[in-house]
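Enquirer: Please take these sequences and the hints and turn them into a complete structure.
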Amino acid sequence: MFDFLDGYDVLGAFWMTVKLTALSALGSLVWGTLLAAMRVSPVPLMRGFGTAYVNIVRNIPLTVIIVFTSLGLADIFGVTMGASDDFPLQGFRLAVLGLTAYTAAFVCEALRSGINTVPPGQAEAARAIGLSFSQVLGLVVLPQAFRSVIGPLANVLIALTKNTTVAAAIGVAEAASLMKTMIENEAQLLLIGAVFAFGFVVLTLPTGLALGWLSKRLAVKR
Amino acid sequence: MKLRKVTAATAAALVLALTATACGGDDDKGDTGSGGGDKIKVGIKFDQPGIGLKEPDGSFSGFDVDVATYVAKQLGYEPDKIEWVETKSADRETALARGDVKFIAASYSINDKRKAKVDFAGPYLLAHQDLLVKADSNIAKGTDLNGKNLCSVTGSTSAQNIKDTIAPKANLRENSGYSECIAALQSGAVDAVTTDDSILAGFAAQDKYEGQFKLAGLKLSNENYGIGVKKGDTATVNKINTALEKMVSDGAWDTAVKDNFGPAGYKNEPAPKIGDIVS
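In the order they appear, the protein sequences are chains Y and S.
Per my numbering, numbering of the first sequence is gapless, rising by one per residue and ending at 222.
Per my numbering, numbering of the second sequence is gapless, rising by one per residue and ending at 279.
Calculated directly from the structure, the hints in this document are not laboratory data.
Accuracy of the hints is not assured; some may be wrong.
The list that follows gives simulated cross-link-like pairs (lysine-lysine, DSS-like), each with its CA atoms no further than 30 angstroms apart [what the hints assert, rightly or not]: (1) S:K208 to S:K231; (2) Y:K180 to S:K113; (3) Y:K180 to S:K134; (4) Y:K180 to S:K148; (5) Y:K180 to S:K115; (6) S:K88 to Y:K180; (7) Y:K180 to S:K169; (8) S:K73 to Y:K180.
On the chain S side, residues computed to face chain Y include the following (Cβ under 10 angstroms) [stated by the list, open to error]: (9) R92; (10) R114; (11) L150; (12) C151; (13) E174; (14) G188; (15) V190; (16) E210; (17) G211; (18) Q212.
In silico contact screen, one side only, chain Y against chain S (beta carbon under 10 angstroms); selected entries [as the list claims (entries may be wrong)]: (19) N59; (20) T63; (21) L71; (22) G82; (23) D85; (24) D86; (25) A173; (26) L190.
The C-beta atom is built at its ideal place from N, Cα and C for all residues, glycine as well.
Expert: Structure follows, in structure tokens:
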């Protein structure tokens, strides 16, 4: 029944999905944290930039962003992420760039909601003992904020895992791209679709369970 | 204040529900119309100029559309009785098996694995995998592609063919659609676009690209376009085959080829004989 799987590197395609997810998750965590810091900072210009970025980027369809990285950034502006002669590598790096830019907006908003759970008295007390803004944020507020948003961040991570399928649009050889190839060759839409759907459940279900458990353990009891 | 909000929300919900039902009503009427047996549903591509394209004004054009219109007429359906349904490559087998469409003319190459799922009438066109290049390009044979930048569609057989046999050292980029590839060719990011010559000719014949591109004229593969019919529906297959033979003999086939591929300098093969599959 599953002989149509012969000759296709299904595991390799899912490994590409994992790599895309991991790198984009890391990138969007860093960039999203910076954005969140901007959005709560006392400097109006930074607050404005953070707000504008989040509201623009999260409202553009991901497909548009990913295709833009290829047709716009790479073809027209020549931004090839150091891989101008190697389209698969270029596609991979551009996809990580696009996914990071998009997901960071959601990480930022999740984190900002976490910052709002920290009682304002703590920030005031930290300022009162002479800490600077970055010290207040880095030493007092963010550590508590992160612990309260592990659950929401898990949602963002799971959404990111599934969003990596959009990278097939610019030729990254991840799971959805192999699925297209197999359906084209084998004419077995339902079975092949089911195999890949199962693959994504295998990837995301443990993530959700592990991070759900972690969020219960690490939550700050107030 | 709160009460007013609730009232407003209820009113909004009601309006939405009413409009939704109104739409439903319209759809129902349309369904009874086509269910009455006087309409035929035909599957085509909506996004391939020259083959099957939905125009901005809602009309349809292309070689597959012309063939399907002719065949439907021979089956007893005037052009205004045809309901066009978009069948993307991945949906074609399912659409036939479920009976969503009576037949499919959508650059559908006949091959063994597909023949296990659906029946084919035809073939009605012999296409070849080819390259579309800039008008001043000097790419002349398949091996010229090694080291060159090439674009095709994610997962397409053309892309696999280049990677596996023709030019393994070509720098292949896969995009989600041919329009993206053509855009990359126009901007110079790639040196060639590859897929069936009929599809390429359709793109190159578009007004906005006229004179910019040419077909390299390589015959990298044989693609026998057939008309897909539900598995086991031999009666329809026979009727369509008769219609296709008539289309070739009365010259309508040649006219359709000229109309749709002409401006791109496409050299078509003579009309294939029914059941004669070139491998």
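Enquirer: Now, for every hint given, state plainly whether the structure supports it.
Expert: Each hint tested on the structure:
Under the criterion of a C-alpha separation no larger than 30 angstroms, the hint pairing K208 of chain S with K231 of chain S is inconsistent with the structure, at around 41 angstroms. Our distance criterion of 30 angstroms between C-alpha atoms is met by K180 of chain Y and K113 of chain S, whose separation comes to about 16 angstroms. Under the criterion of a C-alpha separation no larger than 30 angstroms, the hint pairing K180 of chain Y with K134 of chain S is consistent with the structure, at around 29 angstroms. Restraint check for K180 of chain Y and K148 of chain S: satisfied, since their Cα atoms lie roughly 25 angstroms apart, inside the 30 angstroms limit.
The hinted pair formed by K180 of chain Y and K115 of chain S meets the criterion: a straight-line CA distance of about 19 angstroms does not exceed 30 angstroms. Pair hint K88 of chain S plus K180 of chain Y holds up; C-alpha atoms about 12 angstroms apart against a cutoff of 30 angstroms. A C-alpha spacing of about 23 angstroms is found between K180 of chain Y and K169 of chain S, which places the hinted pair at or below 30 angstroms, so the restraint holds. Proximity of K73 of chain S to K180 of chain Y is assessed by CA-CA distance (about 34 angstroms); at most 30 angstroms being required, the pair is judged violated.
Checking R92 of chain S against chain Y by beta carbon gives a least distance of about 8 angstroms; that is within 10 angstroms, so the hint holds. Taking 10 angstroms as the C-beta cut-off, the interface hint given for R114 of chain S holds, the closest approach to chain Y being about 5 angstroms. With 10 angstroms as the threshold, the beta carbon of L150 of chain S comes within range of chain Y, its nearest partner Cβ sitting at about 9 angstroms, so the hint holds. The beta carbon of C151 of chain S comes within 9 angstroms of a beta carbon in chain Y, closer than 10 angstroms, and the hint placing it at the interface holds.
Given the 10 angstroms rule on beta carbons, the hint for E174 of chain S holds: about 3 angstroms separates it from the nearest Cβ of chain Y. A cut of 10 angstroms between beta carbons decides the hint on G188 of chain S: the least distance to chain Y is about 8 angstroms, and the hint holds. Because the smallest distance between the Cβ of V190 of chain S and any Cβ of chain Y comes to about 9 angstroms, under 10 angstroms, the interface hint for this residue holds. The beta carbon of E210 of chain S comes no nearer than 22 angstroms to any beta carbon in chain Y, farther than 10 angstroms, and the hint placing it at the interface is violated.
Here the hint on G211 of chain S is broken, as its CB sits about 21 angstroms from the closest CB of chain Y, past 10 angstroms. For Q212 of chain S, the interface hint is violated, since its Cβ never comes within 10 angstroms of a Cβ in chain Y; the closest pair sits about 16 angstroms apart. For N59 of chain Y, the interface hint is violated, since its Cβ never comes within 10 angstroms of a Cβ in chain S; the closest pair sits about 21 angstroms apart. Because the beta carbon of T63 of chain Y sits about 8 angstroms from the nearest beta carbon in chain S, less than 10 angstroms, this interface hint is met.
With a cut of 10 angstroms, the hint placing L71 of chain Y at the interface with chain S holds, because the nearest CB-to-CB distance is about 6 angstroms. Checking G82 of chain Y against chain S by beta carbon gives a least distance of about 16 angstroms; that is not within 10 angstroms, so the hint is violated. At a threshold of 10 angstroms, the smallest CB-CB gap from D85 of chain Y to chain S is about 7 angstroms, leaving the interface hint in force. Nearest Cβ of chain S to the Cβ of D86 of chain Y: about 7 angstroms, under the 10 angstroms cut. The hint holds.
Annotation: interface hint on A173 of chain Y holds; nearest CB of chain S at approximately 8 angstroms, less than 10 angstroms. For L190 of chain Y, the suggested interface contact is upheld, since its CB lies about 7 angstroms from the closest CB of chain S, less than 10 angstroms.
Of the numbered hints stated above, those contradicted by the structure are hints 1, 8, 16, 17, 18, 19, 22, listed in ascending order.
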